[in-house]
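Residue numbers (the numbering used here), protein chains in the order written: chain U, 1 to 347; chain G, 1001 to 1347.
What the hints contain is simulated information worked out from the structure, not anything from laboratory work.
Hints should not be assumed to be uniformly reliable.
[Unchecked claim] If you anchor each label on the Cβ, the simulated ranges turn out as follows:
id, chain 1, residue 1, chain 2, residue 2, range
1, G, Lys1311, U, Lys304, 50 to 58 Å
2, G, Glu1154, U, Glu50, 30 to 38 Å
3, U, Gly261, G, Asn1075, 23 to 31 Å
Cβ coordinates follow ideal geometry from the N, Cα and C atoms, glycine included.
2 protein chains.
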Amino acid sequence: MAKRIGKCTINFDDFKPKIRGYASVCGNFEKEGPLGETFDITFDDSFLGEDSWEEAESKLQTLSSETALKKAGLNSTEIDFVFAGDLLNQCISSTFGVKKFEIPFLGQYGACSTMAQNLILSAIMVNSKLARNCLAVTSSHFCSAERQFRMPLEYGGQRPTCAQWTVTGSGALIVGQNERKILDENCYTSYISSALVGKIVDFGVVDVNNMGAAMAPAAANTIKTFLEDTCTTPKDYDLILTGDLGTVGSRLLKELLAKEGIDVLDKHNDCGLLIYDRIKQDVHSGGSGCGCSASVLCSLILQKMEKGTLKNIIFVATGALMSTTSSQQGKSIPGIAHLVNIKLMNI
Amino acid sequence: MAKRIGKCTINFDDFKPKIRGYASVCGNFEKEGPLGETFDITFDDSFLGEDSWEEAESKLQTLSSETALKKAGLNSTEIDFVFAGDLLNQCISSTFGVKKFEIPFLGQYGACSTMAQNLILSAIMVNSKLARNCLAVTSSHFCSAERQFRMPLEYGGQRPTCAQWTVTGSGALIVGQNERKILDENCYTSYISSALVGKIVDFGVVDVNNMGAAMAPAAANTIKTFLEDTCTTPKDYDLILTGDLGTVGSRLLKELLAKEGIDVLDKHNDCGLLIYDRIKQDVHSGGSGCGCSASVLCSLILQKMEKGTLKNIIFVATGALMSTTSSQQGKSIPGIAHLVNIKLMNI
Chain U
1 MAKRIGKCTI NFDDFKPKIR GYASVCGNFE KEGPLGETFD ITFDDSFLGE
51 DSWEEAESKL QTLSSETALK KAGLNSTEID FVFAGDLLNQ CISSTFGVKK
101 FEIPFLGQYG ACSTMAQNLI LSAIMVNSKL ARNCLAVTSS HFCSAERQFR
151 MPLEYGGQRP TCAQWTVTGS GALIVGQNER KILDENCYTS YISSALVGKI
201 VDFGVVDVNN MGAAMAPAAA NTIKTFLEDT CTTPKDYDLI LTGDLGTVGS
251 RLLKELLAKE GIDVLDKHND CGLLIYDRIK QDVHSGGSGC GCSASVLCSL
301 ILQKMEKGTL KNIIFVATGA LMSTTSSQQG KSIPGIAHLV NIKLMNI
Chain G
1001 MAKRIGKCTI NFDDFKPKIR GYASVCGNFE KEGPLGETFD ITFDDSFLGE
1051 DSWEEAESKL QTLSSETALK KAGLNSTEID FVFAGDLLNQ CISSTFGVKK
1101 FEIPFLGQYG ACSTMAQNLI LSAIMVNSKL ARNCLAVTSS HFCSAERQFR
1151 MPLEYGGQRP TCAQWTVTGS GALIVGQNER KILDENCYTS YISSALVGKI
1201 VDFGVVDVNN MGAAMAPAAA NTIKTFLEDT CTTPKDYDLI LTGDLGTVGS
1251 RLLKELLAKE GIDVLDKHND CGLLIYDRIK QDVHSGGSGC GCSASVLCSL
1301 ILQKMEKGTL KNIIFVATGA LMSTTSSQQG KSIPGIAHLV NIKLMNI
């Protein structure tokens, strides 16, 4: 049985929910970035051949899920629950993206933190043997997000330098009881060792073009609590990977942790900083969106774990819990950060 | 440990996650309905003293949660997870409604089925001993929902007779490991005996003014699967309570089940039919919204269980997984229904 450690951490080391398959599907702009070669599928057309950007975003989820299933050697009848989420109103990318699989569905909303939330709930289901396998999937799409949250693209609005660029992408993971079918003897299987569900942290940030600043306090709180709960320090991990704090948020995170006496050393990186080339690509503070942390985790990061280059990582996806209505009404942007500790088996 | 029964059902009878507290908070229109006397708190002012309807909806969640905690004799530090959801874009009622409690937060989206989803995940957390107690809360508000999903209220649009009226209300439940502190020796404690997570069912309904028809197929599918999994029939239950199918959806549900050879007899009722007086109140097909099934469950129904009038019920909350964008783009309205079987202890 999973057990609680410290104040908030859940430990799964007894049964080790395995990552059996994963896949990432991204757009053209992501393909042109430094991780372009690591994605399973990329599209040059922002519509992915569909009639709308919303339908295109659903297709990202369908394709990432299908590819993850295929790589895991599983079919959808072997998946007992799907945890899916996205940024669109009423999470329609998820509904339309996964409905064809006919898997019992639990829609999740944690803004850009949703992939970590999905992984935590998947691990709990698998560890308690209520599921053989769970599918965890999220997506975002630059064009559907811009028109919903900001301005119509045709308006050509200027973005401040602290703004982030919503990733067109989806990541899907299969968490299961059994080990991944090893295709290559040099490949390692990873598993979810522990996790922490974050609290809502509100530092009163109101600038919708500065999500990194709104989310950094939540990330700091989650990382600090996890390190305390597990009696570990940053040097115990190969990588502390935040979701999408971008340049501004990442700097703030380090400052906030330093105040708590925590030096993340050179262990910290951020999915929003990894996915684009910020010199060649005009993304300002970096990438963001439900698909940002999901597609980076389900490409470069898990590929490195598979090869044994990374053995023990902390994945801290961060979310800004606002809507256009709450912002227009002058409300602050509360942040949240959920943490998943992923380790290699038998290392 | 919880275990799986049949194809999809989860059984919690080994450890019996208890309902330790519950509360409902509603608006004036609900107060004037047949359940008016059963709600813990009601408000005459649709703003609840706040500046906007969205803030008012958050306040519904805050108050129902506080009241449920109080009735359970617990404080927020004794709650390990909160599962919350609502209908507003990016679930802001939940974020702003529960952030003050500083409880690890997992935002849920299942449209009007969310209360059942929250209860299922709470029961899993408690049954696996990952939580001492969980808070499950949802809300909806007629005014915030109308302006987001339909028309500004000032427009005075006509509604067809199959349309439903969004409930201004919130229900909150505490699910915990220990029995409720019994205040009266004639009060019974209820617990979550089993549950079923629904699949997305899409019959191609596109009329946003006929949500009942869009959700009925999902409810029929969930009820049928549950009865098969548990080898039970409707006569084994005191009540089969659907979320908010309203008049049209309830009639369709019975037709669909009859085709499967299932006669729900006089056991069926619907939260959307119970909450308003459809003769005196101009609500057309009945109530709806995340707060509908939640406030009916957390008032009349659990009060009847407490008194022993109801001993074994099926609560099937239903959701229509659409957004204004998906409907404007001509997409269908997929439905979902999650089921929770609640029983009395020691009966």
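Structure versus earlier hints - violations, ascending order: none
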